[in-house]
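Chains A and B supply the protein sequences, listed in that same order. Taking UniProt numbering, the leading residue of the first sequence gets 1, the next gets one more, and so forth. Taking UniProt numbering, the leading residue of the second sequence gets 1, the next gets one more, and so forth.
Mixed in with the good hints there might be a few duds.
[What the hints assert, rightly or not] Here are the simulated PhoX-like pairs of lysine-lysine, each with C-alpha atoms no more than 20 Å apart in a straight line: (1) A:K311 - A:K268; (2) B:K145 - A:K512; (3) A:K532 - B:K88.
To be clear, the hints were calculated from the coordinates, so they are not data collected in a lab. In this text the structure is predicted, and so the values were computed from the model without any measurement.
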Amino acid sequence: MKRLSFLLISCAVLGSMQSCKMKNTESAVSGDAASKVYVAPGKYDEFYNFVSGGFNGQVTVYGLPSGRLLKMIPVFSLNPENGYGYSEETKDMLKTTAGYVPWDDQHHLELSQTNGEHDGRWLFANANNTPRIARIDLSTFKTMEILEIPNSAGNHSSPFITENTEYVIAGTRFAVPMGNEDVPINSFKQNFKSTATFVSVDKNTGNMDIAFQIMLPGMNLDLSHAGKGPSHDWFFFSTYNTEQANTLLEVNASQKDKDFIVAVNWKKAEEYAHAGKGKRLPAGYIHNTFDEHTQNTTSTLQKEVLVLDPKDCPDMLYMIPCPKSPHGCDIDPTGEYIVGSGKLAALIPVFSFSKLQTAIQNKKFEGVYYGIPVVKYEEALYGEVKKPGLGPLHTEFDAEGNAYTSFFISSEVVKWNIKDLKVIDRSPTFYSVGHLMVPGGDTRKPYGKYLVAYNKITKDRFLPTGPELAQSAQLYSIEGDKLKLLLDFPTFGEPHYAQALPAQKIKDKSTKFYDIMQNKHPFISLGEKNAKVVRQGNRVDIYMTAIRSHLTPDNIEGVFVGDEIYFHVTNLEQDWDVPHGFAIKNNPNAELLIMPGETSTLKFVPDKQGIYPFYCTDFCSALHQEMQGYLRVSAEGSNVPLKYGTNATDTASVLTAQK
Amino acid sequence: MKLKLFCIAFCAIAVALYSCGNSERKSSPNAASETASTEPAATPTPVPSGDAKGVGKFTNVQLTHPLDEKMIVAGQQTYDVKCASCHKMTDEKLVGPGWKGVTDRRTPEWIMNFITNTDEMLNKDAEAQAMLEICMVRMPNQNLKDEDARAILEFMRKNDGKN
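So here's chain A without its partners, still in its complex pose (with noise of 0.2 Å):
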């Protein structure tokens, strides 16, 4: 009897102790969430989701609710599977005044908008490391512009945009001196500065040009905002390191119970720079676009930016202290709120735009930083979200008046309520989440239904592959009150930001094939009647045509060692998702993928004479393997004549050039 009775307690205690820890899928997961994120094959998704890929420099791109990978577009690193930063075409893309650079580190994203809302247009993405900002266009999901960053180190507050595209932001991670300077690390707080960068887009092509550089104290810019609707004029950034610490700053940055949000106000900053109040600063700057018709890249060398110091332009920055380094600076659909998240803290500060506004007016400051007035911060504070968690890094809205934020230290996602900021809902993530995204969901126009959470943790959820493994990102219901874990998908590279926006905004105006008649490369062969090879010195200019299933020429002699061969290959191909591909064996550089009615170029530069077989990569018809060619490479100083063609032997169009 005693032993039963134990038994039925035990058996109680570890029922109860399972139904409500919910460590484990099994548990987390209710009954219907294989439906909710089922897509038929054939069927499409609901959401696309662009996510940062962080360390590997590119931006991927999912389906939500599936999770399915649908394609891996290529910004800031070269790229094996289209030979982007490897083309002739594309190299200079990742050219920066400190030369070619081959890898970067991608942290957020930020679709394009206009009054507030995704227009569908482009996606900006920034690179950390050498800092830079492109244009990603959405109609090609292809990079068309990069811009580098003057004045910065650590481009971490950026690419977010004001809410009608009309600027882009960069902001500085890393306090550096201006221009370049030598000066002795310890040297920080005199001379090391932060830039905030406001880059105007041009409303119709796009093109970014940098605008104005505001000259901000050293301190580190972590993440920015723009303001909404009634805030529409500021721009927000989080800071850390407001000690001005330049060695451990684990420890000497967390000094502080405060750091700041800098409010600024961008219409003002506007204003001043068209007043002249600003000073042209020598600074070089590498400018790389993209030309959809020549299909080449055009790199210019800008040579001096416009800096705005603050001493020069009253009532364009104040400063609002915020609780332990603030890290996400998110502002609620309605423009009001601003909602700070101290890393380091157990609580969210929630401030109010029009509070801030009233205590500017009444000059309700503490003091001022660097000459920057910082608002007392009881006079700007709407309320903080008590005991939310642990470590709350960011936030995004929904249409409802609810906010998400994400905790790191605790894992978890929370649910709260903008007015009265209480804790509506938790969900456990696997684990350690750093973003997270709700579709439109830093927008005036959230579209809700899903949030996804982005982990730095994976361990245990997938099957393993080894001391490296892919990242952990997970899909939550936010559907009525409760969060609903539906989903663990794995993403590549380390996502930090994310966006997503409906389908049906840009999947129709998807391109399917570049129109050959309005291609304008140089090195076009239009038609394999213009397929030939050209020399001049030791520059060989193969135009290369590519139909299934042969290349022309396909047979080529009269190269030598040394020779810098160009293959122009022209995909003559005028239909959807018909790629060729192109190799020749021991090219030390690279491959082509030459999408249809695409020039690309790939240099050759042989060091050994023989045979070199050349052939097409992308399985593209039944006579794939048949589409195949040879280049004949003499030694330096022999007398084979040039000499090419296709089927040349017996057909009366026998190519031979003229010497």
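Given chain A's structure and the hints, the job is docking chain B onto it.
Positioned in the frame of chain A, the structure of chain B alone reads:
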């Protein structure tokens, strides 16, 4: 007694499990709302041969006499870029059949349907499928506009000595 205790224990566990579990089990409509529009390529439903006009929107092509010189020039330009890789002007087969005599073998409608509505023709038209069995390469859809197709037809007629 034993049985009673067992029942109690069972109930306790069941309640504990249920109370904290996810009790909402609303069924939701399938999340994906849209269907891929492209037809799968592998479901041919052959049209009986003898339908000389093929499958597509061209049911009655008006031929002009004499030949339209402008169209011939335009047709040749398109041929050079989009067709010449696989089709010769003679009767020699390269990847696809040579064009000599094509206007005698096919109706104008069949030609224009085939070069503008390539995939559907290859999936449904018996004559097109018979050619595919010979050539073993699906003719690429080169996305010709209607006027490009008409110009090509004129160029073929010229090549066949029509007037």
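Verification of the supplied hints:
no., hint, in the structure
1, A:K311 - A:K268, "holds (14 Å)"
2, B:K145 - A:K512, "holds (16 Å)"
3, A:K532 - B:K88, "holds (19 Å)"
The structure fails none of the hints (numbered hints given earlier).
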